Amino acid sequence: MNTLEIKNLNVSIEGQSILKDFSLTIPKGEVHALMGPNGTGKSTLAKVMAGHEDYEVKSGGITLDGQNILGEEPDAIAHAGLFLAFQYPLEIPGVSIANFIRAARAARLPEGESINAVEFYKELYQKMDDLKMDRKFTARSLNDGFSGGEKKRCEILQMSMLNPAYCIMDETDSGLDIDALKTVSEGVNLMRGPDRGFLVITHYQRLLDYIVPDVVHVMFDGRIVHSGPAELAQELESKGYDWVKESFATTA
Amino acid sequence: MSNSKIQDEAISVDTEKGNFSYPEDYAYDAGVGLSEDTIRYISDVKKEDEWVRDFRLRALEIFNKKDMPTNWATKDLENIHFDKIRYYLSKGQQPSRTWDEVPDDVKETFERLGIPEQERKFLAGVEAQFDSEAAYSRMKEDLEKEGVIFVGSSEGLEKYPEIFRPYFGKVIPSTDNKFAALNSATFSGGSFIYIPKGVKLKQPLQAYFRINAENFGQFERTLIIADEDSEITYMEGCTAPKFETATLHSAVVELVALKNAKIQYITVQNWSSNVFNLVTKRGMADEGAEVKWIDCNIGSRLTMKYPGVVLKGRGARGEVLSIALANNGQHQDTGAKMIHLADDTTSNIISKSISIGEGRSTYRGQVHMPKHLKNCKNNTECDALLINTNSRTDTYPAITTRGQNNTVQHEASVSKVSAEQIFYMMQRGLSEGEAMSLAVNGFVNELLKAFPMEYSVELKRLIDMEMEGSVG
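Residue numbers (my numbering), protein chains in the order written: chain A, 1 to 252; chain B, 1 to 472.
Simulated from the structure, these hints should not be mistaken for lab results.
Check before you lean on any hint, since a few could be wrong.
[What the hints assert, rightly or not] Below, in silico cross-link-like pairs of lysine to any residue (SDA-like), each with a Cα-Cα straight-line distance of 25 Å or less:
#1 Lys449(B) with Ser114(A)
#2 Lys449(B) with Tyr121(A)
#3 Lys416(B) with Glu53(A)
Predicted model, so just to flag it, every value in this text is computed and none were measured.
Please take these sequences and the hints and turn them into a complete structure.
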């Protein structure tokens, strides 16, 4: 029951089939990496899980700890415990980071309860320190005019403040220099534990040097074609995605 | 929810709270329709001087002669049936000075709206108008001792003609526009305020306007005179219940800031969606004086309002900060006018409009700098935010600048809340309504910082409620 489970998921957009009988199980306490070439359906998977309405789900199921989330509204899925760190975080002008996170936290509270502002800021500042973010950032508009690295740090800050059961990270490493990559990874590693599962979607093995996965999955043409231990990421890095295409395209 | 839900220390003028009415039992009722007899009836009830009655009758003539401005404004104005409106309703009350003396139903009305609770909190004085006349009016005693006058329009004209008559109808003459003429003919209630030389009010004065009766027209008249070196902040809040038929609110507000005086006039209106709100507001700023309008328009079927400042004396400053929110079935036709008549005058206009669903917002601006003037400056920013694809926004800026070293800066933008932004916020756990509300709050956030705290909190709360209501 303590798993994120995707079963035989078939998804298309504008008539084109993207995910083909995709299945994946992530138990709590584990970090799974999902690697694969561009256009193979990794980001589609992330958005479908989060409840994006642009995709047409033909069949299949997604459950969080046994609870169905497929077809639910994005906010209901978030409340059920899923967090998606976006590949391209959206800018929300005029809404400060602190107010945004506070509103997101408040949305999870039962009717009539409110947030203790002092404790909230204490926790927020602690987590910003962990991510080496300047405290002045709390007053800045969410992602508005942020550099790529700042946006990604801000995603991880939100992820850690919202305490999700399952974290989906969509190409969090893109746009990060090596220092930012280390800091972000440390932030993620701090969140690892028996009560949380991770799906780290990435193109490159580099991120997985810092966030060492329990399982690596290789995705190609809408499904997982190969899974293995952390070392698989290195093998993939040295052999390249052509190796995937050659080895698995025919079986697809 | 957003920040505003956490801070609930707000004043309350939202439509849900305002959506109730009490049985009508009026001692004075001018009946339905508008004629000379209606005007004479109002004038008789008020026991007015001859000159006031003549002023009204001349204004009625002007009103009858003037065409509806449908050549440039919306044709929806033709749906106002002047012959079906009631122009004067009163219980024959004198404004009570203590809350206990206020009639029970009126008292309950204002208590449900959160008055006079607020008076105790942070106001220097408050007036509450129920239909045509003030039901309650009170000011802190020390202000009375300093010579501050805060009375209704009738009392002002009757008791202090030497102060108010010279400026009454001068900033906005009856000929200004059809609705200013209508107000001049039928006006009742409103606030007449005089701040003596050098007196600086630390707390705001406030008025509440409440329509209780159906098919009713509320025509309050406000005149604020700030004598040399004085300062005043005035705030007005407006509500009406949701009636089946249209209701008309047509006010005239004149501000006079004498040498080096400062007037700040703040409006948060939240009319129900059947109110035609057609208001003329203008201030005159003498040498070194400042007039600032803060105008927040939420609700109503149609609002037409363009607060203006006539910059008459050297170094005068004028400012209009406005927020308009047009929800389904609503049209906010708002803007600002800056008339520069002296050297070294500066004006600033910041307008933010939000259109939701079928809601429509229109910005009309006028900035006038004639040829003979030097060193005048205007800055105009108007930004529109569209939510949902059917929303509509129009901008009609009219800027005439001549003369030396006069500068005008105009910026306009239109932005949309995208489906991707909403998805992003919902992924964090916000409902669709909360997400839109947050985006709107973000859009007006910078401007809200210029508002007094109590009002910015209240406005945020109103926006939240509007947005939640707009999601199916």
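Going down the list of hints, with the structure as the test:
Simply put, Lys449(B) and Ser114(A) have alpha-carbon atoms about 24 Å apart, close enough for the 25 Å limit, and the pair holds. The straight-line distance between the Cα atoms of Lys449(B) and Tyr121(A) is roughly 22 Å, inside the 25 Å bound, and the hint therefore holds. Taking the CA atoms of Lys416(B) and Glu53(A), the gap is about 19 Å. The hint holds against a cut of 25 Å.
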